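The primary structure of each chain is shown beneath.
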Amino acid sequence: EPEVTQTPSHQVTQMGQEVILRCVPISNHLYFYWYRQILGQKVEFLVSFYNNEISEKSEIFDDQFSVERPDGSNFTLKIRSTKLEDSAMYFCASTMRGSSTEAFFGQGTRLTVV
Amino acid sequence: AQTVTQSQPEMSVQEAETVTLSCTYDTSESDYYLFWYKQPPSRQMILVIRQEAYKQQNATENRFSVNFQKAAKSFSLKISDSQLGDAAMYFCASGLNTDKLIFGTGTRLQVFP
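Chains as they are written, first to last, in our numbering: chain L, 1 to 114; chain B, 1 to 113.
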C-alpha cells in the first residue's frame, strides 16, 4: 500500500536553530499539506501546496516557516528560527484531489525545541 | 469559516459493546466532506471513514458506521463490537473539495475488557 514517509521521526533542536522536516508524499498525489499537533491538542492546518506553490496558509504559518518541493518527490517544511512553542508533532499529508479524496498522513515528526 | 466540534473529551466502552462518538460541524458550503480519523498511541493519523455531504446514505466500513444528519450538521461515529485495538484518540474533520482538513479537538476512547 502506498504511504507518506516523513523523516526524521524525532528531532531535538536548540531554540533559534533552523530545522527542515522532510516528507515524501505518494507519487501520483497532487496536493500536499503540513499540519501541526501540539501535545494533547487538536491537529491544526499549517499550509497547503499545489502546482509548486502555496495554495493556502494559516495564521500559524508566519515568515519563519517555508515549504518547498525541491526535486518533484520531497516536500519540506523549514522553520528558520525555532521557538519553544514550535515543539509539536508535524504531520505531512497528501491527496490526489484535495478533500474529495482520502488524505494519507505520514507518521509524523516529533519536534522538540529546547 | 468551517468549524468542527467534538463535545466528548473522553468515552469508554466495554469490549464487544457499541459506542457512539459525537461530532457537529458548521459550514456555509454545500459541497464538503466529513471524516473520522483514528490516532493510536503511535500518533499516526489513520482514516476510519469518509462521507460525502451530497450522499444521503450513511457511510459504513466494517464495524464503523456514521450517522450523518445534514440538516442538523451532525456526524457521529458508531463503533460496533468494540475491540481493545479500537482504543485511541478519534478526530472528526471536515474539508471542502480541494481544501485543507479542519479537525475537532478529539475524543479519547478507552476500551475495557
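Rather than coming from a laboratory, the hints here were simulated on the basis of the structure. Possibly wrong hints are sitting among the right ones.
[As the list claims (entries may be wrong)] Calculated pairs, DSBU-like style, for lysine-lysine (alpha carbon to alpha carbon, straight line, at most 30 angstroms):
| hint | chain 1 | residue 1 | chain 2 | residue 2 |
| --- | --- | --- | --- | --- |
| 1 | L | Lys57 | B | Lys78 |
| 2 | L | Lys57 | B | Lys70 |
| 3 | L | Lys42 | B | Lys78 |
A quick note: this is a predicted structure, and the numbers were derived from the prediction, not measured.
Cross-check of the supplied hints:
| no. | hint | verdict |
| --- | --- | --- |
| 1 | L/Lys57 x B/Lys78 | 33 angstroms, violated |
| 2 | L/Lys57 x B/Lys70 | 28 angstroms, holds |
| 3 | L/Lys42 x B/Lys78 | 21 angstroms, holds |
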